[in-house]
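The listed protein sequences correspond, in order, to chains A and B.
Just so you know, we're using this note's numbering here: the first sequence kicks off at 1328 and counts up by one.
Just so you know, we're using this note's numbering here: the second sequence kicks off at 105 and counts up by one.
Hints are computed from structural coordinates only; laboratory data are not their basis.
These numbers were taken from a predicted model, which means no experiment stands behind them.
Some hints here could point you the wrong way.
[Claimed, not checked] Listed below are the simulated DSS-like cross-link pairs for lysine-lysine, each with C-alpha atoms no more than 27 Å apart in a straight line:
hint	chain 1	residue 1	chain 2	residue 2
1	B	132	A	1513
2	A	1636	B	112
3	A	1401	B	132
4	A	1466	A	1513
5	A	1399	B	132
[As the list claims (entries may be wrong)] Reference listing, derived: stretches of chain B covered by chain A, where coverage requires no fewer than 3 residues with Cβ under 8 Å from a Cβ of chain A:
hint	stretch
6	124-130
7	134-142
8	145-153
9	156-165
10	168-182
Think of the CB as a built atom: it goes at the ideal place given N, C-alpha and C, for glycine as much as any other residue.
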Amino acid sequence: MNTSSVLLIGKPNSGKSLLFNRLTGLRQKVANFPGVTVEVKRGQMENIDLCDYPGIYSLNAVTEDEKIAVEKLKAGMVDPSVSGIVCVLDITRLERSLMLGLQVKNLSIENNKPVVYALNMMDEMIRNKLDFDLVAFEKELGHPVISVSAKTGQGLATLTQCIQGLAGIVPNGQTIAPDQVARRAKEISAKFMPRAEFLLRGQTRLDQFFLSGFFGTIAFAAIMLALFQSIFTWAEPLMTAIEDSIAWISTVVTPLLPTGIIADFFNDAILGGIGSFVVFVPQIFILIFVIGLLEDSGYLARAAVICHKPLSWFGLSGRSFVPLLSGHACAIPAIFAARTIESPRKRLLTIAAIPLVACSARLPVYALLIGALIPATTFAGGLFGYQGLVFFGLYLFGLVTALLVSGFLSRTLYKTKSDAPFIIELPPYRMPGFIPIFRRAANSAWQFMAQAGLVIFCVTVVVWVLGYFPNGTGHLETSWLATLGHWVEPIFSPLGLDWKYAVGILASFLAREVFVGTLGTMFGIEGADENIAGLAENMQNSGFTLASGVGLLVFYAIALQCVSTLAVLKRETGSRIFPIAIFAAYGLLAYVLAIIAYQIVNLVA
Amino acid sequence: MIRLWELKASAFSIIKKIDHDIPPLFQKRLTDLGIVAGENITCLQRPPFGAPRTYMVGSCVLSLDEEIASHVHIEEKV
Chain A
1328 MNTSSVLLIG
1338 KPNSGKSLLF
1348 NRLTGLRQKV
1358 ANFPGVTVEV
1368 KRGQMENIDL
1378 CDYPGIYSLN
1388 AVTEDEKIAV
1398 EKLKAGMVDP
1408 SVSGIVCVLD
1418 ITRLERSLML
1428 GLQVKNLSIE
1438 NNKPVVYALN
1448 MMDEMIRNKL
1458 DFDLVAFEKE
1468 LGHPVISVSA
1478 KTGQGLATLT
1488 QCIQGLAGIV
1498 PNGQTIAPDQ
1508 VARRAKEISA
1518 KFMPRAEFLL
1528 RGQTRLDQFF
1538 LSGFFGTIAF
1548 AAIMLALFQS
1558 IFTWAEPLMT
1568 AIEDSIAWIS
1578 TVVTPLLPTG
1588 IIADFFNDAI
1598 LGGIGSFVVF
1608 VPQIFILIFV
1618 IGLLEDSGYL
1628 ARAAVICHKP
1638 LSWFGLSGRS
1648 FVPLLSGHAC
1658 AIPAIFAART
1668 IESPRKRLLT
1678 IAAIPLVACS
1688 ARLPVYALLI
1698 GALIPATTFA
1708 GGLFGYQGLV
1718 FFGLYLFGLV
1728 TALLVSGFLS
1738 RTLYKTKSDA
1748 PFIIELPPYR
1758 MPGFIPIFRR
1768 AANSAWQFMA
1778 QAGLVIFCVT
1788 VVVWVLGYFP
1798 NGTGHLETSW
1808 LATLGHWVEP
1818 IFSPLGLDWK
1828 YAVGILASFL
1838 AREVFVGTLG
1848 TMFGIEGADE
1858 NIAGLAENMQ
1868 NSGFTLASGV
1878 GLLVFYAIAL
1888 QCVSTLAVLK
1898 RETGSRIFPI
1908 AIFAAYGLLA
1918 YVLAIIAYQI
1928 VNLVA
Chain B
105 MIRLWELKAS
115 AFSIIKKIDH
125 DIPPLFQKRL
135 TDLGIVAGEN
145 ITCLQRPPFG
155 APRTYMVGSC
165 VLSLDEEIAS
175 HVHIEEKV
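This is chain A alone, in the form it adopts within the complex:
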């Protein structure tokens, strides 16, 4: 069957991505990362490949993601495999939508590519009992217009039918002179939506609260606190369930395996290595899910406004907020999300700061070290606990370091007088659709697990083989790994760490979370009891001190230990030097600060 593609374009916040999800369902090739649509997503609609591009206001692209969308749109116009365009119009913001819609109409006529308009947000019209003359509107535009609601699903069947028959439509009508587009958009909007402001009342009332200096700041702080609290409280039952399942698998499967090398490999490498990482996937999922909820509710744009002034002190912009927040899930989509920043300088500063915020790959390491060092005491009626507070402190430490580094760079290496101003459209507040966000978060968590899982598995196998041979289980000290470990031990002995931790740290330069699996495997080989879930306990028994733990936490908070991030940094900055410089600088900073932290704790304790 021949597959043709159809391009989906529209203004930012026009409900385009939700429409895309509705039209393609689960048949998407690339599950997107949290945050705004920054990459081209492709989804299948029977024999049609639907491509979703980042939102654009007009063909005048300002940001990197808009440039990509405009470039792809123009390329699609002359590509014979593209059968047409679906242009999404937001009926509640018709004039702004038509600025793009009429430019697309021009392109369509000039290139003889059919276009269909999806007039979205019809549910708002119904809710407010407003009428719309669709027939006259279609006549005015000279192209098919389908009224839809991506939220309720209304009109989607008709739109699908229209997309299927898109290739047969011949675009006609006259183009509009470029300098007349704005005037025409205003005229058409005034004619069909004379009471457009009426729909903004609810939004304005909410903004009076969320954007006010006092209540807005309190609301922002409360939402952020709730977000990070949710990572721990909501994930807790899931994590316990996974831990119990691993222990159960161990007790059920181990007796079935032939004793000796196979059972040892299963327990030490598979359950000890990968199992200790899988435990943290619920936290990653919840973080992505909550960020998705905030994004779809329209709140993230308000958060960007609230943060603009404080971020500007550090050379960043309000637009840096979403990338920095996404960075708490994973640096890679966050670096992509930085494409929405207009100023190339602020974009680079944001990209440099992102690897310092506490990403979810640091979570397993933090959780392990905190579990080994900090007592699980709670107070204030179980509402707060020492472990949770230390976690919060580490997130804060990452964020503060990121801001200080950015502030330093903006005053030294990246100084400039003129810069891009802050202009942001505030989208309407909407009730987020739980199911699409759940699906997106599950997809991202799965992708993350599959990618990280492969790396962890390979590293774990290598570590296990080196640690197991030549003398088998219980003889880690005489293994090949110990010989190698003793060579690198001097690098980390200033932190009071022995060779096992040195091996763990070195292995985790591939990806941070490898640290947990590597240590799990080593203690698994060493230990007589096969207590997989008790890695933290094993560490306590091995004489792991508070000072070394604090040093390690500082080291992991700063060092850029992620090969994938380095690759994306190279791609997004177009520079080979940038990732190398940032890797070396953060590595050195991490090492020096870790030693200082170790010495301070040693003095105090």
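Got chain A sorted already, so can you dock chain B onto it with the hints?
Below, chain B alone, put in the same frame as chain A:
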């Protein structure tokens, strides 16, 4: 004529002109968002400490910082 940044909260005004010394790309962005001479513009909010202010133009709600809002000249409507 005053600058948009000086417009008081809840006050109505009409856009008179936009300075030519802002980069052309951002001039286009303002046009895309409806900030053009002759349009009505209202200030919805003025949070303290020089934070970006919220404006409504047409059916669009925008947040602008001082850097851009001081380049837009308006006349207050009484």
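Outcome, coverage of the stretch 168-182 of chain B by chain A - at least 3 residues whose beta-carbon is closer than 8 Å to one in that chain:
Coverage by chain A holds here, the residue count being 4 at a Cβ distance below 8 Å.
Holds or violated: residue 1399(A) and residue 132(B), Cα atoms, limit 27 Å.
Holds, because 20 Å separates the two Cα atoms, which is no more than 27 Å.
Given coverage of the stretch 156-165 of chain B by chain A, checked by CB-CB distance under 8 Å (3 or more):
holds (count 7)
Within a Cα-Cα threshold of 27 Å, do residue 1466(A) and residue 1513(A) meet the stated pairing?
Given pair residue 1466(A), residue 1513(A) holds - Cα atoms ~17 Å apart, limit 27 Å.
Given hint residue 132(B) paired with residue 1401(A) - CA-CA distance at most 27 Å
holds, 19 Å
Please verify whether residue 132(B) and residue 1513(A) have alpha carbons no more than 27 Å apart.
holds, 16 Å
For the stretch 134-142 of chain B, do at least 3 residues have a Cβ located nearer than 8 Å to some Cβ of chain A?
Our answer is that it holds, as 6 residues pass the Cβ test (under 8 Å) against chain A, meeting three.
Under the criterion that the straight-line Cα-Cα distance not exceed 27 Å, is the pair residue 1636(A), residue 112(B) satisfied?
holds, 20 Å
Counting residues of the stretch 124-130 of chain B with a beta carbon closer than 8 Å to any beta carbon of chain A, are there 3 or more?
holds (count 4)
State whether the coverage of the stretch 145-153 of chain B by chain A holds or is violated, taking the criterion as 3 or more residues with Cβ-Cβ distances under 8 Å.
Three-residue rule met by the stretch 145-153 of chain B, so holds; n is 5.
When the structure is compared with the earlier hints, no violation turns up for any of them.
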